[in-house]
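Please model the complete structure; the sequences and the hints are all you need to start from.
Residue numbers (my numbering), protein chains in the order written: chain U, 6 to 109; chain W, 6 to 109; chain A, 6 to 109; chain L, 6 to 109; chain Z, 6 to 109; chain H, 6 to 109; chain X, 6 to 109.
Note that these hints are calculated values from the structure, not bench results.
Everything numeric in this text was worked out from a predicted model, so none of it was measured.
From the three backbone atoms N, C-alpha and C, an ideal C-beta is built for every residue, glycine too.
Simulated pairs of lysine-lysine, PhoX-like, Cα-Cα distance not exceeding 20 Å:
#	chain 1	residue 1	chain 2	residue 2
1	A	Lys15	W	Lys107
2	H	Lys74	Z	Lys107
3	Z	Lys74	L	Lys107
4	A	Lys59	A	Lys15
5	U	Lys59	X	Lys107
6	H	Lys107	X	Lys59
7	L	Lys30	Z	Lys15
8	H	Lys107	X	Lys74
9	U	Lys15	X	Lys74
10	A	Lys67	W	Lys59
11	A	Lys74	L	Lys59
12	Z	Lys74	Z	Lys107
13	U	Lys15	X	Lys30
14	Z	Lys15	L	Lys78
15	U	Lys90	X	Lys78
16	H	Lys15	Z	Lys78
17	H	Lys59	Z	Lys107
18	L	Lys74	Z	Lys15
19	H	Lys44	X	Lys90
Sample of chain L residues at the chain A side, in silico, Cβ under 8 Å:
#	residue
20	Lys15
21	Thr16
22	Val18
23	Pro19
24	Leu25
25	Ile62
26	Ser64
27	Ser87
28	Leu98
Examples of chain U residues toward chain X, derived with CB under 10 Å:
#	residue
29	Met20
30	Leu21
31	Arg23
32	Leu25
33	Ala56
34	Glu65
35	Lys90
36	Ile91
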Amino acid sequence: MASRVPTFTKTIVPMLDRVLVQRIKPQQKTASGIYIPEKAQETLNEGHVIAVGKGLITSEGKVIAPELKEGDKVLLPPYGGSTVKIDNEELLLFRESEILAKVL
Amino acid sequence: MASRVPTFTKTIVPMLDRVLVQRIKPQQKTASGIYIPEKAQETLNEGHVIAVGKGLITSEGKVIAPELKEGDKVLLPPYGGSTVKIDNEELLLFRESEILAKVL
Amino acid sequence: MASRVPTFTKTIVPMLDRVLVQRIKPQQKTASGIYIPEKAQETLNEGHVIAVGKGLITSEGKVIAPELKEGDKVLLPPYGGSTVKIDNEELLLFRESEILAKVL
Amino acid sequence: MASRVPTFTKTIVPMLDRVLVQRIKPQQKTASGIYIPEKAQETLNEGHVIAVGKGLITSEGKVIAPELKEGDKVLLPPYGGSTVKIDNEELLLFRESEILAKVL
Amino acid sequence: MASRVPTFTKTIVPMLDRVLVQRIKPQQKTASGIYIPEKAQETLNEGHVIAVGKGLITSEGKVIAPELKEGDKVLLPPYGGSTVKIDNEELLLFRESEILAKVL
Amino acid sequence: MASRVPTFTKTIVPMLDRVLVQRIKPQQKTASGIYIPEKAQETLNEGHVIAVGKGLITSEGKVIAPELKEGDKVLLPPYGGSTVKIDNEELLLFRESEILAKVL
Amino acid sequence: MASRVPTFTKTIVPMLDRVLVQRIKPQQKTASGIYIPEKAQETLNEGHVIAVGKGLITSEGKVIAPELKEGDKVLLPPYGGSTVKIDNEELLLFRESEILAKVL
Numbered sequence: 006m007a008s009r010v011p012t013f014t015k016t017i018v019p020m021l022d023r024v025l026v027q028r029i030k031p032q033q034k035t036a037s038g039i040y041i042p043e044k045a046q047e048t049l050n051e052g053h054v055i056a057v058g059k060g061l062i063t064s065e066g067k068v069i070a071p072e073l074k075e076g077d078k079v080l081l082p083p084y085g086g087s088t089v090k091i092d093n094e095e096l097l098l099f100r101e102s103e104i105l106a107k108v109l
Numbered sequence: 006m007a008s009r010v011p012t013f014t015k016t017i018v019p020m021l022d023r024v025l026v027q028r029i030k031p032q033q034k035t036a037s038g039i040y041i042p043e044k045a046q047e048t049l050n051e052g053h054v055i056a057v058g059k060g061l062i063t064s065e066g067k068v069i070a071p072e073l074k075e076g077d078k079v080l081l082p083p084y085g086g087s088t089v090k091i092d093n094e095e096l097l098l099f100r101e102s103e104i105l106a107k108v109l
Numbered sequence: 006m007a008s009r010v011p012t013f014t015k016t017i018v019p020m021l022d023r024v025l026v027q028r029i030k031p032q033q034k035t036a037s038g039i040y041i042p043e044k045a046q047e048t049l050n051e052g053h054v055i056a057v058g059k060g061l062i063t064s065e066g067k068v069i070a071p072e073l074k075e076g077d078k079v080l081l082p083p084y085g086g087s088t089v090k091i092d093n094e095e096l097l098l099f100r101e102s103e104i105l106a107k108v109l
Numbered sequence: 006m007a008s009r010v011p012t013f014t015k016t017i018v019p020m021l022d023r024v025l026v027q028r029i030k031p032q033q034k035t036a037s038g039i040y041i042p043e044k045a046q047e048t049l050n051e052g053h054v055i056a057v058g059k060g061l062i063t064s065e066g067k068v069i070a071p072e073l074k075e076g077d078k079v080l081l082p083p084y085g086g087s088t089v090k091i092d093n094e095e096l097l098l099f100r101e102s103e104i105l106a107k108v109l
Numbered sequence: 006m007a008s009r010v011p012t013f014t015k016t017i018v019p020m021l022d023r024v025l026v027q028r029i030k031p032q033q034k035t036a037s038g039i040y041i042p043e044k045a046q047e048t049l050n051e052g053h054v055i056a057v058g059k060g061l062i063t064s065e066g067k068v069i070a071p072e073l074k075e076g077d078k079v080l081l082p083p084y085g086g087s088t089v090k091i092d093n094e095e096l097l098l099f100r101e102s103e104i105l106a107k108v109l
Numbered sequence: 006m007a008s009r010v011p012t013f014t015k016t017i018v019p020m021l022d023r024v025l026v027q028r029i030k031p032q033q034k035t036a037s038g039i040y041i042p043e044k045a046q047e048t049l050n051e052g053h054v055i056a057v058g059k060g061l062i063t064s065e066g067k068v069i070a071p072e073l074k075e076g077d078k079v080l081l082p083p084y085g086g087s088t089v090k091i092d093n094e095e096l097l098l099f100r101e102s103e104i105l106a107k108v109l
Numbered sequence: 006m007a008s009r010v011p012t013f014t015k016t017i018v019p020m021l022d023r024v025l026v027q028r029i030k031p032q033q034k035t036a037s038g039i040y041i042p043e044k045a046q047e048t049l050n051e052g053h054v055i056a057v058g059k060g061l062i063t064s065e066g067k068v069i070a071p072e073l074k075e076g077d078k079v080l081l082p083p084y085g086g087s088t089v090k091i092d093n094e095e096l097l098l099f100r101e102s103e104i105l106a107k108v109l
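The following block contains the structure:
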C-alpha cells in the first residue's frame with residue numbers, strides 16, 4: 006500500500022480537465038502477516054494522481070488550470086471514470102470535477 | 006448526540022464546492038436510559054460540516070466561495086451525496102447546493 | 006386553520022433560494038363542529054413561509070434576492086420539495102422557483 | 006361561455022413568469038337549448054388569464070416582463086400546468102412560455 | 006390543394022417564436038378525377054404559415070425576430086407540434102426552430 | 006453513382022443551420038455489369054449537400070454562417086436527420102453539427 | 006502494429022471539433038510467431054489521429070482550435086464515436102472532448 010507514484014513506460018497526457026488515477030490497492034495481508042482472500046479485501050476509493058490534463062476550456066475558450074497535480078492522493082467517486090490499461094495496470098481517467106476530495 | 010465536530014487522522018480537502026458532512030447519529034437510549042433497538046432508531050437528516058472545498062468555479066473561471074464552514078450544523082437532503090469511509094466512520098460528500106439548510 | 010406563523014425551537018436558515026414552508030392543515034371539523042375523519046380531509050396545497058434563504062447565486066456569482074419573505078402564504082406545487090422534521094412538525098423545503106404563487 | 010373574467014375571493018399573485026388561467030368551459034347546451042351530457046362535451050384548450058407574475062428573472066438577475074395580461078384569452082397546451090383549487094374552481098398555473106398563443 | 010392561405014374567424018397570435026401552421030391536405034382525387042380513399046392518401050409534411058409570434062426572447066431579454074412570415078410554405082417535422090382546433094380546422098403550433106425548411 | 010448534384014422542381018431553403026442532403030445511392034451493378042439485388046447493396050453514409058440554411062442563431066442573436074455549401078460531399082451520421090420527400094426522391098435534413106465530415 | 010499513419014484515397018475533413026481516428030489493431034501473432042485466433046485478440050483502446058476538424062465553434066461564434074493533430078496517438082473511450090468505412094477500413098469519428106488522453 007505504498008504511497009509512491011509508480012512510473013509507466015508510456016507517457017499519458019490526459020485531455021482537457023481529465024486526471025489519470027491509480028486506485029490504491031486494498032491490504033492483502035493482515036497486520037500479523039496472514040493473507041486476506043481477494044473477496045474479503047475491501048475496495049478502496051482512494052487513488053494517486055498519475056497525470057493531469059491542461060485543464061477545462063470554457064465556452065469562451067479560456068483554459069481553467071487543474072487544481073490537482075501528479076502525486077496527489079484523492080478520494081474517488083463510487084461510479085464513473087474510464088478504465089484504461091497501461092503496462093498491464095488498470096488506471097482510471099476522471100474529469101477533475103468528478104474527484105471528490107484531496108487527502109493530505 | 007454531541008454537537009462537537011470530531012477530528013480525523015486524515016485531512017480531507019473536498020474538491021470545488023463539495024462539503025464533507027458527518028451525519029448526526031440518532032438517539033440510542035431513551036431519556037430514562039433504556040436502549041432503543043437499532044431498527045427503532047430514527048434516521049436523522051442532520052449533520053455537521055467537517056470540511057468545505059474552495060468553492061465552485063464558474064464557467065468564466067471565477068471561484069464562488071462556499072457559504073458553509075467547518076462546524077456548521079446542516080439539514081441534509083434525503084438522497085444524494087457520496088459515502089466515503091474515513092477512520093471507520095462513514096462520512097458524506099455533497100455539493101454545497103444540495104445542502105438544504107443551516108441549523109442555528 | 007390559523008394564519009399565524011408558528012415558532013420553532015430551532016432556527017433553520019435555508020440554503021440559496023430555498024424556502025422553508027409549513028403546509029396549512031386541512032379543516033378537521035365541519036362548520037357545525039363535527040370532526041371530519043382524516044381520510045375525508047382535503048389535502049391543501051397552501052402553506053406559510055417559515056424562512057427564506059439569501060437567494061440564488063448566478064453563474065457570475067451575483068446573489069438574486071428572494072421574492073418571498075417569512076409569513077407569506079403560498080400555493081405549493083403538487084410534487085417536489087424535501088420534507089424535514091422540526092419539533093415533530095413536518096416542514097417542506099422548496100426552491101423558490103418551484104413555488105407556484107403568493108396568496109394575498 | 007362568457008368571456009368575462011370572474012373574480013375570486015383570494016388574490017393570487019403567480020410567481021416569476023407564471024400565469025393563472027381559467028379554462029373556458031365547454032358548451033353545456035346545444036343552440037336549441039338541449040343539455041349536452043358531460044361526456045359528450047368537448048374539452049376546450051382555451052382559457053382566460055386571471056393573473057400574471059412579475060416575469061422571469063434571467064441568469065443575470067434581470068426581470069423580463071410578461072407578454073400576457075389579466076383578461077387575455079389564450080390557447081393552452083394539451084399537457085402541463087399545475088392545477089390549483091380556488092373558491093371551488095379549478096384553475097391552472099402555467100409558465101408563460103408554455104402558453105401556445107393569444108386569441109384576439 | 007390550393008396554395009391560398011385561408012382566413013379564420015379568430016385571430017391567433019402565437020406566443021414567442023411559435024408559428025401557427027395549416028398542414029397541406031393530400032390530394033383527394035387522381036389527375037383523372039377519381040377519388041382516392043382516405044387511407045391511400047399520402048400524409049404531406051408541408052404546410053402554410055397562418056401566423057407567427059413576435060420571436061424568441063434571449064436569456065438577456067432581447068427579441069429575435071422570426072424568419073418565417075404569414076403565407077410561407079414550410080416543411081414540417083414528422084413529430085412534435087401542438088394541435089389546436091380553430092373553426093373546426095386542425096392547425097399546428099410549432100417553435101420556429103422545429104420547422105425544417107421553407108419551400109419557395 | 007454520379008457525383009453531380011441533381012436539380013429539383015422545388016427550391017428548399019433549410020431553416021437555421023440545417024442542411025438538405027441527398028444520400029449517395031449504393032452501386033446497383035457490379036463492375037462487370039451484373040445487377041446487385043437490393044438487399045445485397047451496401048448502405049452508404051455519404052451524401053451530397055443540396056442546400057444549406059442561413060446558419061445557427063446564437064443566444065445573443067448573432068448568425069453563425071454554415072461551413073458547408075451546396076455540392077459538398079459529406080459523411081452522414083448513422084442515425085438522426087429528418088426524411089422529406091421531394092419530387093419522389095427521399096432527402097434528409099440534418100443540423101450542420103450532426104454532419105460528421107466533408108469528403109474532398 | 007505499425008505506428009505509421011496510413012494514407013487513404015479520400016481526404017476526410019472532420020466537421021467542427023471532430024477527430025478521425027484509426028483504432029490500433031491488436032497483435033495477431035505471439036512474440037514467437039504463432040497466430041492468435043481473432044476471439045482471443047485483445048481490443049485496444051488506442052488509435053492514431055488521421056485528421057482533425059477546424060475546432061468547436063463557441064456560442065459566441067469563436068473557433069476553439071483543436072489540441073490534437075494528425076499522427077497523434079490517443080486513448081479512446083470505451084463507448085461512443087461514429088464508425089465510417091473508408092477504403093474498406095473502419096475508422097472512427099469522435100468529438101475531441103471524448104478523447105481520453107494523448108499517448109507520447
